[in-house]
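Novice: Here the protein sequences line up with chains A and B, keeping their order.
First residue of the first sequence: 1, per the numbering used here; consecutive thereafter.
First residue of the second sequence: 1, per the numbering used here; consecutive thereafter.
Pairs involving identical chains hold if they fit within one copy or between any two copies, as the list cannot separate such chains.
Using 25 Å as the maximum straight-line C-alpha spacing, the simulated DMTMM-like pairs for lysine to aspartate or glutamate come out as follows: (1) K301 / D178; (2) K301 / D101; (3) K292 / D178; (4) K301 / D280; (5) K292 / E267.
Calculated directly from the structure, the hints in this document are not laboratory data.
Everything numeric in this text was worked out from a predicted model, so none of it was measured.
Protein chains: 2
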Amino acid sequence: MESGILNRSGADQRVVLGVDIGGTSAEFGLVDRGGSCLCSGAIPTGAGRPPGTFFENLCTAARWLREESAPGRILAGVGIGAANANFYTGTIERSPNLGWDYVDVRAEIGRHLEVPVAVTNDANAAALGEMMFGAARGMRDFIVITLGTGLGSGIVANGSLVYGADGFAGEIGHTIVDPAGRVCACGRRGCLETYCSATGLCRTVQELICDTTLESELRSCSYRDLTARRVSEAAGRGDPLALAAFESCGDTLGLKLADAVAHVGPEAIILCGGMAAAGDLILRPTRVAMEKYLFPIYRDKVKLLPSGLGGTNTAVLGAGALIWNMLGET
Amino acid sequence: MESGILNRSGADQRVVLGVDIGGTSAEFGLVDRGGSCLCSGAIPTGAGRPPGTFFENLCTAARWLREESAPGRILAGVGIGAANANFYTGTIERSPNLGWDYVDVRAEIGRHLEVPVAVTNDANAAALGEMMFGAARGMRDFIVITLGTGLGSGIVANGSLVYGADGFAGEIGHTIVDPAGRVCACGRRGCLETYCSATGLCRTVQELICDTTLESELRSCSYRDLTARRVSEAAGRGDPLALAAFESCGDTLGLKLADAVAHVGPEAIILCGGMAAAGDLILRPTRVAMEKYLFPIYRDKVKLLPSGLGGTNTAVLGAGALIWNMLGET
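Here chain A stands alone, though its shape is the one from the complex (with noise of 0.2 Å):
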């Protein structure tokens, strides 16, 4: 370990800036090598507004946050998670919700603060927050699942991330359950993410109320009114077709996870994001569908977790273990 980073008593008082850049604001926070928050905020991203200027107002808050917040601590690194963002190459990549055609993220940070920087997106980032600091501390293999408007995935075996021959592995939310089945948003049809996510969930819904005669009272909500956490309030109320739409994406999902096991024999799969947070609405039919589907030498073996990083500044976190995974502090 480098001198000079430990204080008196012998803490290491480098912490590095967790960056989470979505697509109408960025959130950041001071991580420590434990995967403590010590301190958080937020600036907007969007409206076009041309990246150079959003990096440097990134690095001024950043600044400014560990000055008034964290005063003696040393920045060792800048972490960034962000979809389409290129870990091999430090960029983002046409970018739809940013309005950005092609960022050097690792120069424009650099022209503001010299330290390491590591981008990726935000689902990678996901699996190394859980691997250095929640559900997936001491694992080599695992799978991190991100459950939110699409669904995200970050792999990892023997102990590193799986990035692929140019950065872009792990869209098990673009693998196919069936060619002609709904159309996703990437120009094909029939992606688990069109099935299960937040947005697939609420098109179950219109599915469930066009195929079956369930009672619901989300007949009288609009499709635009939908919301995931909608769908779950109404089966935490017993709703019959709330309950059977989750029990079809957790169907779904096992099936589809079933042959992500077969190809990576992860040791557990970490469910993470928002629609997660309905709990064992989604884990319980997920657990029973994976088994079902999963080839026999798999079976019983591996785990299906909740995130265990709390709930809280979790993409900051993963962020954070991104760039201290690189500076080599596990």
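With chain A held as given, fit chain B onto it using these hints.
Specialist: Chain B in isolation, oriented as in the chain A frame:
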């Protein structure tokens, strides 16, 4: 490098024993660092012979082979590929073809030869063979698919074979095409290998005989007499039904390979094994389907290649690569 392993002209004198244990016979050979199989042989495995006798015979034959055909060479290790072999435990477990319930292969070999021993399944061995000596030289992320009686697979990510949490990763043949599909020997329905393998191809011929009115010489052939080679020969003569069977097989394989790409983002997928010898009959429709089903960011990037091991002694070369890889000679 250890002393005493180079001859006067500086050439590495070490060889390894590569062994491929099949249901009826075991092929073996001495493989040098450059991937040349210097000499080879075979002994029977089958008919419930106790494993102790088999491994004694194998080691005697290997010792004889080295003395007769490779005098002066040093045996540096033994690599073994076999169905149901586990890299972590060094065992072969519940192998119905061999009639063996549980064999500690490392201990069995250790009774006769004092060299490092590694075991893994045949598809993983094939992947290491392609990485060290064949079509995947220089690649860090790729998948090998073996198309034989069944469909095996070996996945390499970040330059290392993916064994998974308990040594059984890489069973792409048992990912599910259709949960209501063809019955598989594993007890489930719709596994990829029931469609894409020598057996799967023959089953598809029966489906097409049933579902279509395509003319075919194969309508005169019973299922029991049908082989993938016969379908391939008929296709070579322009038989419409045989050609349709390869198209169907390639379409299903391409669909599931697109899923595999979405997991691990490989640089290439390499098709090996007996049925891959059909060449473009299977490669072309698989490539077309894979591109059609690929998530857009992967399109036109993933190579689909035939084996680069030359077609002879490929399993022995793979098993040899397994132990060379463990000896740290890449």
